[in-house]
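So you can see what is in the structure, the chains are spelled out below.
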Amino acid sequence: MGTVKQFRPVPEPGAADAAPRSGTATSLSVRSVDLQYGGPQGTLALDRVSFEVPENQFCVLVGPSGCGKSSLLYLIAGLHEVTNGTIAVNGKQVDEPGRDRGMVFQSYTLFPWLTVRENVEYGPKRQGMDAATRRAIADRFLAEVGLTQFADHHPSQLSGGMKQRVAIARALANDPDVLLMDEPFGALDSQTRGVMQKLLLRVWEHSHKTVLFVTHDIDEAILLGDRVLVMTARPGRIKADLLVDIPRPRSMDMVLEPEFIALKRKIIGLLHDEIDEEH
Amino acid sequence: MKKKSLFIPFGDIPGRIVIGAGVTVWVALLAAWVLVSNAGVVPKMFLPTPQAVIGAAQELGGDGRLLTHTLASAQVVLLGFFISSAIAVPVGLWMGTYKVVQAALEPVVNFVRYLPVSSFVPLFILWIGIGIEQRVAVIFFGTFFQQLVMIADSARSVHPDLINASYTLGTKRSEVVWHVIFPAALPGIMDTLRVTMGWAWTYLVVAELVAASSGLGYISMKAMRGFQVEIIFLAIATIGLLGLITDQAFRHLRTRVAPWAR
Ligand SMILES: Nc1ncnc2c1ncn2[C@@H]1O[C@H](COP(=O)(O)OP(=O)(O)OP(=O)(O)O)[C@@H](O)[C@H]1O
Ligand SMILES: [Mg+2]
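Line order of the protein sequences matches chains A and B.
For what it's worth, the numbering used here labels the leading residue of the first sequence as -12, then goes sequentially.
For what it's worth, the numbering used here labels the leading residue of the second sequence as 463, then goes sequentially.
There's no promise every hint is true.
Listed below are the simulated BS3-like cross-link pairs for lysine-lysine, each with C-alpha atoms no more than 30 angstroms apart in a straight line [what the hints assert, rightly or not]:
1) K634(B) - K196(A)
2) K684(B) - K506(B)
3) K226(A) - K251(A)
4) K253(A) - K196(A)
5) K684(B) - K79(A)
6) K112(A) - K684(B)
7) K251(A) - K185(A)
8) K112(A) - K79(A)
9) K253(A) - K185(A)
10) K79(A) - K196(A)
11) K112(A) - K634(B)
12) K253(A) - K226(A)
Some chain A residues judged to face chain B by a derived CB distance under 8 angstroms, without partners named [to be verified]:
13) A64
14) R86
15) R113
In short, the hints are calculated from the structure, not lab data.
Ideal placement from N, C-alpha and C gives every residue a C-beta, glycine not left out.
Produce the complete structure using the sequences and hints provided.
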């Protein structure tokens, strides 16, 4: 029974909290999920992974490289199939991709033949919304990520950070129940990263989507998350489930607060154990 | 002021040098031709003078024969090319998208692809006769299998995460070919069409050498029998010129239908 399955009821929000914190209804549930690549003889990428994410929570996943974070997101998105176990979103079992699970990828995945606005309209268009409605949606989310002026540009004319902002707008425009983000800022320089983190914080305070966010960057994890799941090295298991008890709205200065540093130290310790074990 | 080198790998060069370099080579070739043909070192029977070719152009152009034969050739090439493309684009997309279509077609395609088109000519004459259909069939055979393989490659090289992203946005499996793979592969498809259009012109003479009664290949064959080498030169120049025009047309078309791709 090595599986860590710690469902914590999320505590009442602190006094500083204006926005509602995580709800009590479970949005995403991952139960005893195994993933084996390349048949029974192949690589075991995930080993009995279980956790639940309540509605409106910003949940961050950290772990050593190759521990299966991307794989887990692809499974939840329905892009890969689990070997064992079940995944459910809002009580509905996942067996194929669907627009209830939006995803922002680490690689740039904007459609190069569409303009920025058309990219954001893509999901609403697939749903059959009329032109005026989907344009209004696209313009709203483009404003949200600060790219109104670039609506008629093609992705090839944008910087890396702008592309990921469009990707976020595109995912949100489809109004998913869960937003999956696989190191969306991983390819950006540290300055752009900081700008993107601030932007994501702001956007999230507005939408309060349920988010599962993968990152390598521990500061980013604590800054953004309500909760941090730490994974073991391959095969990936959930090693620790930590609550980030830092009030929102968050800002960059918080990286110097004692609670922040204490949590960071803890996560670094957990990750170092994993990396040491591997070598 | 330091002069910028023209030999920087992938480096840009000024527009006037682009034009100048191209013109220089042409002028050099033509000058060499003028000199060699007029010097009388090569018998006129083998190498006509430019004046003779221009004379032939005036004669055949004047009485409309050049136009008639050019149109006959263009008709064959365009017909063969368009029929081939109309089938190769969708089938190539399926072949690049679905492994089962690839598994089914690839062995046959790769067998036929390496056969010289000329080896089919006797067979086509036997089967189809000597009408325009036979010539169109030759062009079709020369281009179709190459197009299929290249278009399938374009489809296969679409980044999987582009398709994954479209799934997470609500695209159904059955819609992916049309909504994602086709537009993503479009620049590659346009390049394939442009390159294979050039090949289609090169099969023209093969198609017209035997059993044709019109076309640029046909007048070349007839001129060979009558030792009118200037007409052969004229036919070759005309084919080259048409190739150049269609190539430019396809380049233009590509920037029109896929302006986002460079
Ligand atoms: N398609 C595949 N076939 C076989 N093995 C795979 C496949 N995809 C991933 N793996 C393996 O599964 C393990 C987990 O990969 P995954 O990409 O999910 O890790 P990750 O935690 O996202 O790593 P990173 O932090 O480097 O992005 C790795 O060891 C990887 O080599
Ligand atoms: Mg990854």
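We went through each hint and held it up to the structure:
Annotation: proposed proximity of K634(B) to K196(A) holds, straight-line Cα distance about 24 angstroms (limit 30 angstroms). Simply put, K684(B) and K506(B) have alpha-carbon atoms about 18 angstroms apart, close enough for the 30 angstroms limit, and the pair holds. Distance check on the hinted pair: K226(A) and K251(A) sit about 15 angstroms apart at the alpha-carbon level, within 30 angstroms; holds. Note on K253(A) and K196(A): the hinted pairing holds, with a Cα-Cα distance of about 27 angstroms set against a maximum of 30 angstroms.
A C-alpha spacing of about 76 angstroms is found between K684(B) and K79(A), which places the hinted pair above 30 angstroms, so the restraint is violated. For a cut-off of 30 angstroms, the pair hint linking K112(A) to K684(B) is broken: about 61 angstroms separates their Cα positions. Distance check on the hinted pair: K251(A) and K185(A) sit about 19 angstroms apart at the alpha-carbon level, within 30 angstroms; holds. Restraint check: the Cα-Cα separation between K112(A) and K79(A) comes to about 24 angstroms, which is no more than 30 angstroms; the hinted pair holds.
At most 30 angstroms may separate the alpha-carbon atoms for a hinted pair to count; K253(A) and K185(A) meet this at roughly 24 angstroms. Proximity of K79(A) to K196(A) is assessed by CA-CA distance (about 18 angstroms); at most 30 angstroms being required, the pair is judged to hold. At most 30 angstroms may separate the alpha-carbon atoms for a hinted pair to count; K112(A) and K634(B) meet this at roughly 13 angstroms. Taking the CA atoms of K253(A) and K226(A), the gap is near 12 angstroms; set against the 30 angstroms cutoff, the hint holds.
Below 8 angstroms, beta-carbon pairs count as interface contacts, and A64(A) has one with chain B at about 5 angstroms; its hint therefore holds. The interface hint given for R86(A) is met, as the beta carbon of that residue sits about 4 angstroms from the closest beta carbon of chain B, less than 8 angstroms. Because the smallest distance between the Cβ of R113(A) and any Cβ of chain B comes to about 4 angstroms, under 8 angstroms, the interface hint for this residue holds.
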